[in-house]
Amino acid sequence: MSAMLLEAADIHVSYGRSEAVRGVSLKIAEGQIVTVIGANGAGKTTLLNALMGLLPFTGTLKFPQTPGAGLSVIARVEAGICLVPETRDLFGTMSVEDNLRLGAFCRRGQRGFSTGEMFAEVYALFPRLQERRRQNANTLSGGERQMLALGRALMSRPKLLLLDEPSLGLAPVLVKEILARIVELRGLGVSVLLVEQNARAALAIADYAYVLETGVLAMEGPAESVAGDARMVESYLGAVAGS
Amino acid sequence: MNFLIFGFLIQNALTTGAIYVLISLTLVSVATVTRIIYVPIGEIMVFAPFGLSVLMGGQVPGTVWLLMMLGGLAFLQDFWQMFQARSRHGWRKAVLLYLVMPALVAGFSWASAKPNVPFAIQLLAACAAPVALNPVLFRVAFQPIASATRLVLLIAAIALHFALAGAGLYMFGPDGLRTPGLNGVAFRIGLIPINDQFLLILGACLALITGMYLFFEYTMYGKALRATAIHRRGARLVGIDPDSASQVIFTIAGVVAVISGLLIGPLTTLFYDSGFLLGLKGFAGAILGGLADYPMAALGALALAGLESFSAFYASEYKDVIVFALLIPILLYRSWRQPAQLEEEHFE
Amino acid sequence: MSKGRIAALLALAACALAPAYLGGYSLSVLDNIMTSAIIAIGLVLLTGIIGMVSLGQAAFAGLGAYASAYVALNFNINPWLTLPVALLAAAVPAALIGALTLRMSGQFLVLATLAWGISIFYLAGALPMFGGQNGLSGIPPLAVGPLVLATDRGMYPITLAGLAAVVWMSLNLLDSNFGRMIRTIRYGAAIGESAGANIFLLRLTVFTIAATFAGFAGWLYTFTLQFLDPGAFSLDNGIQYLFMAVIGGVSNIWGGLIGAAAYSLADRFLSGYLQQFFGQSFNVSAIFFGVVMLILMQTARGGLWPFIANFVAPARREVAPLAPIELPHAPPAGGRVLQVANAVKKFQGLVAVNDLSFEVEAGEILALIGPNGAGKSTIFNLITGLLKSTSGNIHFLGRDITAQRSREIARMGLGRTFQHVRLVPTMTVLENVAVGGYVRHRVPLWKTLLRLNRDGERRALTEAAYQLERVGLLLRQAELAANLSLGEQRILEIARALNGNPVLLLLDEPAAGLRFNEKQQLAGLLIALREEGMTVLLVEHDMAFIRQVADRVVVVQYGEKLTQGSVADIQRNQAVREAYLGVD
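Residue numbers (our numbering), protein chains in the order written: chain A, 14 to 256; chain B, 140 to 487; chain C, 197 to 780.
If you are wondering where the hints come from, they were derived from the structure by calculation, not from laboratory data.
One or more hints might be untrue.
Said to hold, decoys possible - Derived Cβ-Cβ restraints for the label pairs, each shown as a range:
1) A:T100 with C:E727: 39 to 49 Å
2) C:L367 with B:Y352: 54 to 64 Å
3) B:P434 with C:D765: 50 to 60 Å
4) A:A22 with B:A224: 16 to 26 Å
5) B:F147 with C:L367: 53 to 63 Å
6) A:S38 with B:A224: 22 to 32 Å
7) B:L215 with C:E756: 56 to 66 Å
8) C:A203 with B:Q216: 35 to 45 Å
9) A:A231 with B:Y360: 39 to 49 Å
10) B:Q220 with A:S38: 21 to 31 Å
11) B:A224 with C:P215: 53 to 63 Å
12) B:Q216 with A:E130: 38 to 48 Å
13) C:D765 with B:W475: 42 to 52 Å
Said to hold, decoys possible - Residues on chain B that point at chain A, a partial pick, calculated with CB under 10 Å:
14) A224
15) K362
16) R365
17) H370
18) R372
19) G373
Being a predicted model, the structure only gives us computed values, none of them experimental.
A virtual CB, placed ideally from N, CA and C, is assigned to each residue, including glycine.
Kindly produce the complete structure, drawing on both the sequences and the hints.
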């Protein structure tokens, strides 16, 4: 029984007058890739932002391995929980190398942490970033930006990575590449909570899956069973006959 | 207008221009990192020379008391936050920055007010309190509203200026001050007369600009501040605390302001409220750069100084009218270049 | 009569009788409060209502003051004739300055007010004809027949009458078609533009009115003191007037009055009594008000007014519905309402919309769907005129609207709602809907100021009520829009759009964030509108909702049209499934 990294129970998030997330519970254990899939507007990004502390929410959120993490965004980052948001939030007018270096900001001066080592790891995972390390981040292509966003989050050697729609705006072949890298993260000791609109691709690499439908969990289970479940398809295309 | 006068006007423009450049670059950095237009920078500027004169007279300047008072207030604010969150997170910073640091500055200033203290020490002490005020001012006045709209932040900055100017009057009185200039070097390059004040100002300006450049380009903290300016949330997501970043840039602004104030002291009579006007003029340069573009801001500041210098000669009563009236087409040009942001720029 | 009205009338009576029981000093304080209040009320309109912070109102007062003083001293005319001079001296420069600076946004605008505030102040101090730093003195007083109106006591009735007039006109202004529209400005120019209003012109009008009020205050000041110096119109004063408005409550006319009174009284108290404690050279006022403003920014940006407002609940009018008298846009009997042809939109190298073409036929509900980032919002903005397309063209009712401004397109019969509901939370449901009919109910400004448009007002509100009945919200007409649920707010926005008598309704994710029964209500409304002949184009994600309401669907991906057809068609379409569910 591996250790729990994140336990969320009965999470409610309000966006103005609407409740975007209603009573969602989920958990992630060490070494897992967990995915939350759902159609547009299901509340996936809102849920992820709330888990990261960017949005206020009600319900209980525990980080059993790092109790202090729940206090603030910075506390989570220092505890080893990083978010790669949908909008990537790169520092466009700074170089790739500087973006990566800043990814390790929270570890500056920590004993046993070597920025050089982290660079080596990230460049090994994403060789294209090494090629472009002196270029400004806003000159990169969509796929390269995604890699940079991921690489920056990895520079602080996080334990848990929250990824918001990594496939967004990417051509199918790039989607394959990014997701393959995510699988490799497990080997580096990083667990992943992956939020995705591209259900099939996400289910192919995940261990466990949650399906979100207009703010509520419609179903959950091991990824293979969710992938094969007709109800999941209905949730996306609304093709429910007679109900 | 003969060549001598022309040369003198150029020198005058470069001298005041250098100061305006420093102020405008500082205002731009503060605005990009914090979204605040730091109107009170003018008060910080004059607190240094006035403080020096008080120290040389054997007294502790009022800015030290102000620092201690605000430090205590800032500590209470942090304490209240910790109490409400039932957490001791950040207590070390609160104690060091808001209790220990003001106490150290107070001790240093008190020691420097004694007779027979070397001028250099007194100079340092005169700078200490105004510089130290800045991160504390951020905590007290701006941190609680750090995510408000730019308009609200601007109104708060204006209110802070109002209060600090009033405090300045109380601490330093209504009389003017002119610090003695240096006398030694005097020669000419082409048309332009050179004296040590001129060299000192240009030298200090170049040194500060170089220093700031190196800081932002090559140090980790400098890069972190730039990142906060580029994408505030992105900076948070890599562990950069936007409030700490703001305090750092406020402190840097304080250092530049204090040095500028001391440099301009010998050139003109300073009053407790002279800073505001100086700040506004440096500000005009910053606006030309759209509050984001450093080279344009510097150019704007120099152009403004040039305009001021020449109109002071030709039409001295209208000098200030010309300078400020010119802000309007500059603002118009800037606003046209930078289309209105989509964020609601409302007040409440 | 409401509590508030009683309180106001009592206050007016007390003020009117003041000269009888107040001494000279107190009367001058009251006089000063009243002239400050006139300026503060202008600031309420500027800052509180349309969200434009101005530090230069003192400068306009200065213009009015100096112009009237100059004319009074140098021309042999009846001093009363200097009043129109003062008003013009403030209004004309304001219109010019406004035309230049109001195109600026937020911060730049405030700084512009700072700039001309200082310029005018220095100009007044520099020009010899204004007496330089010594100012002008010996200004002849006003007179009514043999009665000379000099100093505070003499000018008091004029000042009080002036303040009452300013308050009355401001209240009239806000309680009108014009007033409702300017109240939307804070919440985004897109609201007004979508109802066909020229937001820039509206802002300029309010700006000029505020400046004219300040000029009037300057005129009163001149003839009360018979003496002028530029120090009264400095930037510091400009800052103080802003502080007054904010302290009182910047969103409300009465806040302007309360703020002027509170500020002036506190100021007198501080400079007078406390100064004796602390000795001279202690500018307690400045420190005090600076700190007060900082505290207000942190804790109570609404100022004092919200606390007082609890005691004065304004009367809420209920209105019966009436069908609109004119129907300027006859729905076309069949035919093409909207045609998008080869539309392309590029943003700095990113192609958001790529050669997209589709049509909307009369009387149908067409849904635009597609995965996140597909370009749907961009398409919407191209159609409504908020964005200009890089190439391609768009035709609405047969006319080319590709290069048209959004307000012109709105006036042609295009109504829209927004992805994030944009209502004025402090106005009632009825008032929010009335905004939609703005263009139809415009009247000359002077009629609005003098409350001469009662018939038009009644028509505007009854037509709004008609739309509310149409969407089923008539019973909620007197409630504040902020108190409605999200679903009801979405429907309210549709009612506002309907009030413009549109031919085509554009709905941006109307079902987003709604609960199941709210979606059912919305679907029912859309179907009912279609029965009445309305054409609807909507962007949505919710497939179940679309299945209920849409006749046809256009699927967009990567800014291009993937396919189109009936709902059943596209649900079976393999390419669509892949677009949504993703590929392995």
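Here is how each hint holds up against the structure:
Judged by the Cβ atoms, the range 39 to 49 Å given for A:T100 and C:E727 holds: they are separated by roughly 42 Å. Between C:L367 and B:Y352 the CB atoms are about 56 Å apart, so this pair conforms to the stated range of 54 to 64 Å. The given range of 50 to 60 Å is respected by B:P434 and C:D765, whose C-beta atoms sit roughly 58 Å from each other. Look at A:A22 against B:A224: about 21 Å separates their beta carbons, and that is inside 16 to 26 Å.
Distance hint check: the CB atoms of B:F147 and C:L367 are about 59 Å apart, consistent with the given range 53 to 63 Å. Under the hint 22 to 32 Å, the C-beta atoms of A:S38 and B:A224, about 25 Å apart, fit the expected range. A beta carbon spacing of about 59 Å between B:L215 and C:E756 agrees with the range 56 to 66 Å that was offered as a hint. Roughly 38 Å separates the CB atoms of C:A203 and B:Q216, a value that falls within the hinted 35 to 45 Å.
The hint said 39 to 49 Å for the Cβ distance between A:A231 and B:Y360, and at roughly 47 Å that hint holds. Between B:Q220 and A:S38 the Cβ separation comes to about 30 Å, which falls inside the hinted range of 21 to 31 Å. Range check, B:A224 to C:P215: Cβ separation about 57 Å, and the 53 to 63 Å hint holds. Between B:Q216 and A:E130 the beta carbon distance is about 40 Å. The supplied range of 38 to 48 Å therefore holds.
Checked against the hint of 42 to 52 Å, the C-beta distance between C:D765 and B:W475 comes to roughly 48 Å, which is consistent with it. At its closest, the beta carbon of B:A224 sits 7 Å from a beta carbon of chain A; the interface hint therefore holds under the 10 Å criterion. Of the supplied interface hints, the one on B:K362 holds, with its beta-carbon coming within about 6 Å of a beta-carbon of chain A, less than 10 Å. Taking 10 Å as the C-beta contact cut-off toward chain A, the hint placing B:R365 at the interface holds, the least distance being around 7 Å.
For B:H370, the shortest C-beta to C-beta distance to chain A is roughly 5 Å, which falls under 10 Å, so the interface hint holds. Given hint, B:R372 at the interface with chain A, holds; its Cβ is 6 Å from that chain's nearest Cβ, closer than 10 Å. Look at B:G373: its Cβ gets to within about 3 Å of chain A, closer than 10 Å, so that hint holds up.
Violated hints for the displayed structure: none, as all numbered hints are satisfied.
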